[in-house]
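Visitor: These are the residues of each chain, in order.
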Amino acid sequence: MSARLEIPAFDWLRVVVEPWALYPETTIWIVLMGWLVSLVCGAVGLFLILRRMAMTGDAISHSVLPGLVLAFLWTASRATLPMMLGALIAGVLSVILIEWIHRSSRVKPDAAMGIVFSLFFAVGVILVTAYADHIDLDADCVLYGEIAYVPLEPMWALAGIELGPAPVMRMAMVGLIVAGLGFLFFKELITTSFDPVLAASLGLSPKAFHYGLMIVLSVVIVSSFEAVGAILVVAMLIFPGATALLLTHRLRLALALLPMIAALHSLLGYHLAVWFDVTVAGSMAVAAGGLLAIAWAVYCIWARVARSSH
Amino acid sequence: MEVFWDQTLRFFSFGDPIVRVAVAGCLLLGLACGLMGSFIMVRRLSLFGDTLSHAVLPGVAMGFIWNLSKDPVAILIGAVLAGYLGVMLVRWLTATTRLKEDAAMGMVLAGFYGLGVCLLTFVQRQAVGDMAGLDKMLFGQASALTGTDIQVLAVVSGVALALVAVFYKEFLVISFNETFARVSGIPVRWFNGLFFLLLSFAIVASLQAVGVVLVSAMLITPAATAYMLTDRMHRLIGLACVFGMLAGLIGCYLSFLGAGLPTGPFIVLVSSLGFIAAWFFSPRYGWVLEKLRRISRRRRMALENTLASIYRFREGEGHAETVALSLLGLSRHRNESLEEVESRLKRLQAEGFAKLVPSPRTAALEHCQVVLTAKGARRARTLIRNHRLWELYLNRAADYADDHVHDDAELMEHYLSEGLVDRLDQRLDYPRVDPHGRTIPSKEEARQ
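Chains as they are written, first to last, in the numbering used here: chain W, 1 to 310; chain G, 311 to 758.
One or more of the hints may lead you astray.
Said to hold, decoys possible - Using 20 Å as the maximum straight-line C-alpha spacing, the simulated EDC-like pairs for lysine to aspartate or glutamate come out as follows: (1) Lys108/W / Glu488/G; (2) Lys410/G / Asp277/W; (3) Lys665/G / Glu625/G; (4) Lys656/G / Glu646/G; (5) Lys187/W / Glu162/W; (6) Lys685/G / Asp713/G; (7) Lys601/G / Glu99/W; (8) Lys753/G / Asp739/G; (9) Lys207/W / Glu99/W; (10) Lys479/G / Glu411/G; (11) Lys753/G / Glu614/G; (12) Lys665/G / Glu652/G; (13) Lys108/W / Asp316/G; (14) Lys656/G / Glu600/G; (15) Lys108/W / Glu625/G; (16) Lys108/W / Glu614/G; (17) Lys685/G / Glu600/G.
If you're looking for bench data, these hints aren't it; they were derived computationally from the structure. Computed from a predicted structure; not experimentally measured.
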């Protein structure tokens, strides 16, 4: 145990070149997973931001925990489907409970949200720690995930060809489904987000879309869970969308910017993590914060330039 | 079982110094959080509390890095600075961009938390200094508290309590009407600064026992529980503090039973159960009691409507007491099934408003005669009087057409108080006839 804390010097070779040259397999899967998580979460999160429900993302990311753990204890395996179902049920249940509390009592919606998600999360943590022997989900993993273990997961193979580690493939599939749904219901999603009254008068059900979005959100959160954990998934939900919205007013353009932003999050985050030897998920959140700060500065300068040119 | 009682005795005798420290810590944090949480909740800043509690994490880590030991004062300073920076960032972000508060809060929460996690893992992997207890900051472990922690906690809660007591009026005005506070010359900015400072204090002080993630619950849940029980701010604060301390004590005990389990989740679980109890069973605002009250109100209205129908039926027949009204007749008059009318009359009979007299000719229930008791007749006349006076009032004073007044009066007859009806009577100059030409019972008649 040394008495001093040393900040490692930035070494181009060690931080940037070696990961790609010495263990390319690991690096590729980690960066790809980071990119997918940031991209898929970011796309869903963009709509959360537009609907002013960013904190609902926070609430659900905490609430899915007991569902995950119970599904895990029930089936005694880490099979995808039960875990997804458990998390989905817990997520939707918490949304219903929040609505119920603020409809039926004088407690305001923000307080109701705070009460419900912390209760769910507390139950989840108690379950995790009480059954710690049976679960290879430990408490730290719940909080900040471990993307670095992703390449160690069993590979998915199709017709004899190895595709990639299970979490990455799962995330990719979820991403495809989200993209498909977004493509199918794009107009409806925009209408219900920006003008629920108009949407209702057009015969769309804002409520159905609300719950649909909540279900998609729960699924996305669960599939990102093991990579980034319960709290940092919030960073992945909000930062990409917020960064994109600072750079453009147009929703389609913002969506088109997401893959690039996600790539930056993943690459910067990974290399930061290598540099300082810290958790990848945390450094991805830091990278996302830094990127947002840059976008914010650009936004402010842009606004000033636009004002002075008038 | 024996172990359970042994442990319980060991806990509640407070002989063990570790238990003593843990309990003192939990009580103090319950106090501090209940106090600040009450203000947070009425100011609708609940999620702000959540943001702040996550935002202090990098400060905690920096405080540790400062001299590589778990020095409570350094951690306190670091955390308060980080919390303050987080609050300012939310303000700046919402002021300078189109992003709304929820997005800004989410980003500060997650971004700061990510930085904090990075710093913690950085320290952990470099394996420097005495890390003991630092990892407990995430979920909270009351038994990891030290004597110094308790001193810091006590000072923090004491300062918060004293400042709130001294500036109670100012804090109250700012919480409920900031504009008015500004107009009255209260330095709102200073008090808001002080408020966030105290809030960060409360959060940091609770970190060790409850953990970063669940501190916000300690702020919100006891205060929300108290909010279900009272309307007065000082009572709200008092109750919130008591609930916070109780949750702290019981949660601490539960986590002590299952040795090694984190304290935070248990404290949150206990306070959430308290909230659920208050949400359902609060005497004034409870969900269950509200439902029961609604049911009893609906039942009373149905009974009163039946009484009024009996009166109207007799009135149509010229008030002859000799007019026979059978259950069957009443069910036809009210256009309801025989069973419905029967169950209503059974209840009216039980409450002494009406009697069912078996018909001399047949034993069939439907031919039973309905007779109002004196009490029932009085109640029926009062209802009719309420109804018709209200109709007349609507017709004359509010310019309602006479064929539009009935539905409104049908509802109001159940709610009008005696005093109000007397005033209506006086205002309308003691009328005898309602808009439909029927007689309005006078006050004396209604009382007979």
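Visitor: Does the alpha-carbon distance linking lysine 479/G and glutamate 411/G stay inside the 20 Å limit?
Guide: At roughly 28 Å apart (the allowed maximum being 20 Å), glutamate 411/G and lysine 479/G break the hint.
Visitor: Can you confirm whether the C-alpha distance between lysine 108/W and glutamate 614/G stays at or below 20 Å?
Guide: 36 Å, violated
Visitor: Given the hinted pair lysine 108/W and glutamate 625/G, is their Cα-Cα distance within 20 Å?
Guide: Violated: lysine 108/W and glutamate 625/G sit about 51 Å apart, past 20 Å.
Visitor: Would the pair lysine 685/G and glutamate 600/G pass a check requiring their Cα atoms to be no farther apart than 20 Å?
Guide: Violated, because 29 Å separates the two Cα atoms, which is more than 20 Å.
Visitor: Take a quick look at whether lysine 207/W and glutamate 99/W sit within 20 Å of each other, Cα to Cα.
Guide: OK: lysine 207/W and glutamate 99/W at ~12 Å, within 20 Å.
Visitor: Does the structure keep lysine 665/G and glutamate 652/G at a Cα separation of 20 Å or less?
Guide: Within the cut-off at roughly 12 Å; holds.
Visitor: Check whether the Cα positions of lysine 656/G and glutamate 646/G lie no farther apart than 20 Å.
Guide: Within the cut-off at roughly 15 Å; holds.
Visitor: Are lysine 656/G and glutamate 600/G close enough, with their CA atoms no more than 20 Å apart?
Guide: 26 Å, violated
Visitor: Holds or violated: lysine 753/G and glutamate 614/G, Cα atoms, limit 20 Å.
Guide: With Cα atoms ~18 Å apart, lysine 753/G and glutamate 614/G stay inside 20 Å; holds.
Visitor: Just to be careful, I want the Cα atoms of lysine 753/G and aspartate 739/G compared with a cutoff of 20 Å; is the pair within it?
Guide: The hint holds at about 13 Å.
Visitor: Given the hint that lysine 601/G pairs with glutamate 99/W, test it: the Cα-Cα distance must not exceed 20 Å.
Guide: Since the Cα atoms of lysine 601/G and glutamate 99/W sit roughly 17 Å apart, the hinted pair holds (cutoff 20 Å).
Visitor: Given the hint that lysine 410/G pairs with aspartate 277/W, does the C-alpha gap stay at or below 20 Å?
Guide: With Cα atoms ~34 Å apart, lysine 410/G and aspartate 277/W exceed 20 Å; violated.
Checked against the numbered hints given earlier, this structure breaks hints 2, 5, 6, 10, 13, 14, 15, 16 and 17; the rest are met.
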